[in-house]
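Asker: The chain contents come next:
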Amino acid sequence: MIPMLETPGSEALRVELAAFTGPLDLLLHLIKEQEMDIYDIRLEKLTEQYLTRLDKMREENLAIAGEFLVMAATLLYLKSRTLLPVQDRPPEEVEEEDPKWELIRQLIEYRKFKEAAGQLGEREALHSRIFGRVPERVTASPALMGPGQVSMFDLVWAFQKVLRSVEERAKAGRFSDEQFTVGQKIEFLLDRLPPGEEILFEDLFRSMSSRGEVVVTFLAMLELIRLRQLIAKQEGPLQPILIQRAVDPVLDAPSVTGEGAGQASVDSPV
Amino acid sequence: MEWARVLEALLFAATEPMEPSRLAAILREGPEGGQGWPEVKEQEVCDELAQLSERLAPRGLILREVAGGFRIGTAPDLSGWVAKLKGVVRPPRLSPPALETMAVIAYRQPISRAEVEAVRGVDCSGTLDTLVERGIIRITGRSEAPGRPILYGTTPLFLEHFGLKDLEELPNSEELRRVKLPAPADPGGPKQEELIHEASEPAPQS
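Chains as they are written, first to last, in this note's numbering: chain A, 796 to 1065; chain B, 550 to 755.
These are calculated hints, taken from the structure and not from any lab test.
Every value quoted in this text rests on a predicted model; they were computed, and no experiment measured them.
Incorrect hints may appear among the rest.
Heads up, simulated SDA-like pairs for lysine to any residue below, C-alpha to C-alpha not over 25 Å straight-line [to be verified]:
hint, chain 1, residue 1, chain 2, residue 2
1, A, K895, A, D832
2, A, K907, B, E724
3, A, K907, B, P645
Sequences and hints are given; from them, build the entire structure.
Answerer: Right, here's the structure in full:
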C-alpha cells in the first residue's frame, strides 16, 4: 500500500502472494512455473526462486509468516547437503534416505488436498446459490423483563464475578479434591434456604474455594429456579441479585425467572 | 398419492434436511388429533421424493438430497433474485486456507490440529477456530497419541454447506483417505504411526 512501490509489476505480485496459503503452496506454484517434475525437483533452482519471492515480499513490506522462513531454512539446508560429499555428512544421516524425499512426499500429499479443496470450493460456490429456509432467530427481548426480574444474562454475569473471586481464593492456596454433584448441591441449597428466606447471590458461594464446586452449585441453583423452588430477584439494574426460596412453588411462579433460566440451564453444555 | 401434498408442505416448512424415515413416521402418525396414513412405507416416500424432485425441476425450487435428508431450496440460477430479498442471507464462503483445512479434515477425520498442520505446512489454529465457530466442524474427542490432542471431525452442516449426501460423496474419497499422513512435528515412533492410521478411519456421521 506504499505509493512509491506502486508499479504494474508489484500490483500483480501482491495479488499473487496473497493467494498463497502457505510455503507448500508457493513451492508447488514455483515447480509448475519452472516446469519441473515434482519427483525430480532441482533444489538449487527452486531454492533460488523461493528466496527471490521472499525478498520481493519483504520489499513490498508484506508480513511474511514464520512458516515461509522455516521453509526457506529447510530448502537451504537441503541444498547445502547436496554440496557435501557423502563421507562428510554427519554420521547419523548417512544411513537415512535423502531428506529431500520427505519434502517431495509432503508436496505430493499437500497437492492432493489442495486439489480436493478446490473441488470443495466449486461445490460450495454452487450450493451457496441455493437458499433454504433457516430457523428463525429466537431472541430474548429485554423489553419483556419487568422491574425486579432477573435475566439469564444478569445471572451469568454475577456468576462470572463469583468465579473470578474463587480463582483468587484458589491462588491463595486453598485446594480441594472433593467431588460435588448437582444433587448434593440441590440439597445444600434447600437446607440453606428455608421457604420464604432470601440470600445475596454472592453469599451462596462465599464458603467455596474450588471452581468445580461453584459451577456445580450454580447448576443446582439454575435447576431449582427451573423447578420454581428458587426465585432470582433484583431491585433494579446493576443492583445485587437476591436468591429467594419460594413459599409455595406452584402459586409463586414469576414467569421470567422460571422460563428464561430453565431454558438456559438445559441448553448450556457444561 | 394423497399424502404427496403433505410431503411437499413438510419439506417446504422444514428448516433442516428431512430423512425419508422421519417423513414417513410423520405421515403414519397423522396431524395433531387427526388421522394419518399408517400404511406409508419409507420406500414409498423415497419414490415420491424422486417424483417431487422431477416436478420441481422446471420451476423456481429444487429438491436436494443433503446430509442424509431432503431439503427444498431455491434454484441456483435464481440466486441473484433471491438475494434481493431483505433478511435472506447466504452463508459466507470459506477462504482458501479454510477450504484447505476443511479438505484435510473431511478426508482424514477424526484428526488433530498437528496432523492438519503437517499436511498444510502452516499454523491452522485460526482456521480451525473459524470452522468450529461456523459449526462446519466440531471436536469429536481426544486422540490416544501423546498429549491426548483434541480431534476434529465434520458436522451435518458441513454436508449441507457443500451439498453432499454423505462423506462417501466427497470427490476422490477413496484415494485421499488411503494416502499416508505425514507424521506431525513432535517425535513419534512406529506406535504413533499406527495410532494415526487408526484415527483416520472415517467417523460415522450422526
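Asker: Are the hints correct? Go through all of them and say.
Answerer: Comparing the hints with the structure gives:
| no. | hint | result |
| --- | --- | --- |
| 1 | A:K895 / A:D832 | 14 Å, holds |
| 2 | A:K907 / B:E724 | 9 Å, holds |
| 3 | A:K907 / B:P645 | 15 Å, holds |
Of the numbered hints listed earlier, not one is contradicted by the structure.
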